[in-house]
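Colleague: Can you make the complete structure from the sequences, with help from the hints?
If you're matching them up, the sequences are chains A and B in order. Here this note's numbering is used: the first residue of the first sequence is 18, the next is one more, and so on. Here this note's numbering is used: the first residue of the second sequence is 530, the next is one more, and so on.
Since the hints were derived computationally from the structure, they do not count as laboratory data. Don't be surprised by glycine CBs; every beta carbon is placed ideally from N, CA and C. Check the hints yourself; a few may be wrong.
Computed footprint of chain B on chain A, listed as stretches where at least three residues anywhere in the stretch have a Cβ under 8 Å from a Cβ of chain B [as the list claims (entries may be wrong)]:
(1) 466-473
(2) 657-668
(3) 716-724
Quick list of simulated restraints, FRET-style, between CB atoms [said to hold, decoys possible]:
(4) A:713 to B:663: 52 to 60 Å
(5) A:620 to B:663: 33 to 41 Å
(6) A:300 to B:670: 29 to 37 Å
(7) B:715 to A:495: 49 to 57 Å
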Amino acid sequence: VLAKDWNRSIAAVIDVEGNVRGTAFFIGLDVAITCYHVLVAAGTGAALKPVGSEVTEQIIETESDEELDLALIRVVSHSARNTLFFDSLPMSVGRDIYSHGFPRDHGIGKYPNGFPMDPARVSGNTDLTWRGQPVQLIVLANADVQQGMSGAPAIDLETQSIVGVLRFSESHNKRALAIPAEVVTRRWPAVLSENRKRTYGDLVDTIPDAFAHSAWKEFDPTSLHCLVVMSERAETEGPSESLDELFRDLMSGPSALIVWEKFREAYNGRRLISGTDGRSLSISYNNDSVNIASLSVLDVFENMSSVDIAGRLIVEADLAIFDVTGFEPGVMFLLGVRAATRRGVTIVSHGGGWMEGEPLLRPFNLSDLSVASHTAFDKSLVGQDPRIGRLMERICNGFEQCLRHPYYRDLPVYDALRQLGPREDARKTIPLEDEVLVLCSYDATYFRNWLNLRRRLKAALHEAGISTSVVRLQDVPTPQLVSQSLYERIRRCAGCVADWTGSSPSTFFELGVRVAVSPWSVVQIASASWISEIASDDGSSETPKKQISLMLRLLEPILYKGDHDPSIGQLVAQRLINLRASASGSQGHGLRRVAARALSRLEERVPDVVQQLRDEADALNHPDRVRENVPQALYYEIASIKVDQERAALERRLAAWLYLDQRVGAGALQEDDPKRILWLETGQLVAADLFESASDADQMLALKITEKLT
Amino acid sequence: VSNTEDIRDVVRTVTMHRRKGDALARTGNEPAAMRAYQDALRVVGDALMETRPDSPNFDVNRAELLGTQGGLLRRAGRMREALESYRRGAAHEIASGSAVTYNRVNAIKLALIAGDQTVSGLQPDLEDVQRSLEERLSVDQRAADDGWLWADLGDVRLLRGDPDGAARAYRSFAAKATSGSPSSTLSVLDEIVKALNLHGDESAVQVADSVKRMKRVFALRN
Chain A
18 VLAKDWNRSI AAVIDVEGNV RGTAFFIGLD VAITCYHVLV AAGTGAALKP VGSEVTEQII
78 ETESDEELDL ALIRVVSHSA RNTLFFDSLP MSVGRDIYSH GFPRDHGIGK YPNGFPMDPA
138 RVSGNTDLTW RGQPVQLIVL ANADVQQGMS GAPAIDLETQ SIVGVLRFSE SHNKRALAIP
198 AEVVTRRWPA VLSENRKRTY GDLVDTIPDA FAHSAWKEFD PTSLHCLVVM SERAETEGPS
258 ESLDELFRDL MSGPSALIVW EKFREAYNGR RLISGTDGRS LSISYNNDSV NIASLSVLDV
318 FENMSSVDIA GRLIVEADLA IFDVTGFEPG VMFLLGVRAA TRRGVTIVSH GGGWMEGEPL
378 LRPFNLSDLS VASHTAFDKS LVGQDPRIGR LMERICNGFE QCLRHPYYRD LPVYDALRQL
438 GPREDARKTI PLEDEVLVLC SYDATYFRNW LNLRRRLKAA LHEAGISTSV VRLQDVPTPQ
498 LVSQSLYERI RRCAGCVADW TGSSPSTFFE LGVRVAVSPW SVVQIASASW ISEIASDDGS
558 SETPKKQISL MLRLLEPILY KGDHDPSIGQ LVAQRLINLR ASASGSQGHG LRRVAARALS
618 RLEERVPDVV QQLRDEADAL NHPDRVRENV PQALYYEIAS IKVDQERAAL ERRLAAWLYL
678 DQRVGAGALQ EDDPKRILWL ETGQLVAADL FESASDADQM LALKITEKLT
Chain B
530 VSNTEDIRDV VRTVTMHRRK GDALARTGNE PAAMRAYQDA LRVVGDALME TRPDSPNFDV
590 NRAELLGTQG GLLRRAGRMR EALESYRRGA AHEIASGSAV TYNRVNAIKL ALIAGDQTVS
650 GLQPDLEDVQ RSLEERLSVD QRAADDGWLW ADLGDVRLLR GDPDGAARAY RSFAAKATSG
710 SPSSTLSVLD EIVKALNLHG DESAVQVADS VKRMKRVFAL RN
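Modeller: And the structure:
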């Protein structure tokens with residue numbers, strides 16, 4: 018029941034000029050909640066003016082959720098603050114909703130303590146897609162759209178409880194809505210607690226301590242960022258099997274210098290899209306230049322904030338080390354996010370008794386992955402742990418290959434998602450009407466589930482006027498490599514369903530890729546009987562029970578009844594149609610936005626045109642062949658192949674030189690200018706090759722170039 | 530001139546001038562060709578002046594520069610100086626222990642062109658170089674990638690009266706080297722045949738026959 022002076026918890030959100038932009042209400046000593054769009058409208062320098070107070074309180078910091086249109090606001094703490102608490106009661110149709118706020122038509126000058134809202138009635142609900150999942154907002158009838166009331170509490174008149182947050186302003190659809198308390202708690206679980214002294218920190222600081230302490234705050238181009246992702250199994254094994262401990266051991270000894278040196282060789286000078294200069298890595302090794310973050314997969318799936326931070330770290334890490342022991346679903350999901358977003362060095366390591374060289378059943382789409390082992394050596398009682406040297410070698414080889422090989426990859430996916438060819442239609446979305454892609458297990462025990470899903474989904478979509486095919490990759494008649502066609506479809510198919518049933522590592526890897534790249538998100542489903550089996554498992558199987566339970570809570574797949582569920586088709590079809598309707602302005606799953614934000618700072622620039630042409634030319638016919646005549650063509654004994662490569666190299670160098678000469682004007686630059694040096698070197702190589710040609714035109718061009726150079 | 534980058538700079542600049550000279554010589558413009566060779570010689574000369582005995586890879590770098598200089602002097606018709614340059618280069622080659630035999634083989638070939646030696650008189654030197662090359666090529670797989678070493682082996686075998694062995698080596702050379710490389714090797718062989726005839730060397734006919742055969746080997750490849 019509301020306190021008598023409950024409306025003293027209400028505050029106006031005002032901009033720097035003192036105009037009211039909306040309403041907020043206090044839910045803790047230093048924290049209020051409002052709508053995200055209110056904060057955006059208020060802009061920089063916004064403040065709160067609580068009812069009954071003459072003082073405005075400056076906003077210190079905020080945490081927003083753009084999709085839900087909610088924001089938490091931190092102000093200075095007051096021990097005597099009037100606060101409100103959410104109630105998890107549902108907002109049933111027909112109930113009257115009441116509120117108090119700062120409507121624009123009742124100006125703050127005349128009504129400094131705000132104005133009550135006429136009761137509105139709950140008339141139904143509407144779906145919103147949040148992080149690829151549907152959430153329901155409440156539609157209010159008889160409520161005039163009142164600008165300024167957004168962010169005010171939704172109060173159930175009958176129960177006198179706070180059941181949500183009012184959201185009045187929608188640019189193209191002026192409906193009056195309320196965001197239910199249940200939805201607010203999905204984003205900030207602690208808002209339901211009735212701790213009267215709670216603070217902003219209690220609500221937003223939900224990241225597990227272990228990784229909150231180790232995670233770097235932001236990407237620093239002058240540092241090495243290392244991330245270790247630990248499996249659930251590692252929690253039960255002792256420290257001797259901990260990949261994190263092993264890596265920290267490595268980085269606390271002299272090996273760290275070697276790792277830094279190799280990293281520096283590979284990454285120094287790499288140009289990022291966010292700055293003008295390349296990454297500047299110091300020659301000497303410095304502890305402070307290395308960030309090491311460790312995440313347990315269980316911590317990652319603790320809540321959405323953890324997932325977001327983990328997503329950012331996975332994208333930002335120059336070196337990521339994944340413990341793939343047992344190929345756990347959560348780890349595979351995160352590995353998929355990494356594979357889709359970042360070309361750095363990624364090491365995958367398996368423990369649990371497995372040793373390198375022994376057979377290991379790998380997920381089918383990761384069959385060519387080079388897996389390391391971190392299983393503890395029972396017999397190494399003296400000297401340094403041999404795993405450290407082996408791990409260091411892998412890391413150094415990774416950085417070395419990164420430097421030497423422009424297409425270095427240690428995971429599949431990255432290129433398959435991006436190299437789709439030059440045709441205009443190569444990147445176009447494959448609409449729901451053409452195909453629905455299903456990511457699922459290929460295990461024989463799953464086959465009947467698949468048949469039921471395909472039949473029901475196809476029929477349900479047909480009923481909704483969408484005739485399409487529902488396919489797994491295996492059903493597509495193409496000779497193309499799985500790795501090419503699968504990831505291209507994962508990017509392009511608007512309709513995608515991922516079935517967790519059986520916890521196939523491949524499916525979770527693909528799911529990670531999908532949520533990281535697709536603006537259309539994904540419909541996740543799981544068989545209820547499979548979930549029950551996991552829940553009732555007594556620990557005898559190796560199923561990572563805790564992890565699946567956390568993921569279920571967070572990602573909320575639609576549960577269905579095995580291979581005979583008649584409703585699964587309808588449920589998935591409806592979700593796909595909702596996604597189609599809502600995704601036109603959406604940026605996909607939250608992890609996609611996290612990845613995009615991170616990449617806006619650290620994505621490497623497309624190579625400079627001159628550098629690219631020179632590299633291509635060198636790869637075809639290196640200038641050092643004058644000194645060491647080492648063949649470059651694979652079938653070098655075929656003279657025509659060799660001649661073609663030499664000609665192609667010459668044309669590329671010529672194009673590079675003409676660009677430097679005509680576009681950059683490099684010939685007129687100072688003698689020590691790097692671009693002029695490049696112009697001179699490239700020109701010399703081009704002229705030398707043209708002089709060898711039998712064509713008069715080539716001879717003339719060679720003479721012209723040498724005249725310019727000398 | 531002490532590191533690979535420095536040597537690369539020199540070789541790149543010299544190659545441009547040298548090829549310019551070769552192109553001009555092909556059109557009969559000898560004076561302009563000589564100027565181009567002189568430009569190249571100046572660059573090599575400066576580089577040689579800058580090599581220091583205490584610098585890393587001194588012998589390797591010096592051998593490469595002296596070999597380059599020898600080729601330019603030969604083109605400029607300064608045979609004695611060319612021979613001297615190759616001989617000095619050969620000493621550095623041996624001192625460096627590298628697989629390269631460019632100076633040693635060219636010192637032999639130029640001695641024949643200059644009429645300084647006969648084919649039979651050079652047999653002990655040829656045998657030494659052949660042994661060194663065959664040993665290296667049979668155990669050093671990286672060295673065996675280098676087309677120039679196979680060209681040297683072909684030359685040596687040819688002058689030792691082993692046309693079959695020479696053909697095998699030249700085939701490897703032609704397969705591995707750039708498409709333009711065999712023509713420069715053949716032009717030197719032609720010069721040797723011409724010089725052997727001029728100086729009345731007793732092996733002139735045999736070498737001429739072998740060179741003809743080698744031309745067929747190269748022609749078949751193209």
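Colleague: Could you tell me which of the numbered hints above are not met by this structure, giving the numbers in increasing order?
Modeller: 1, 4, 5
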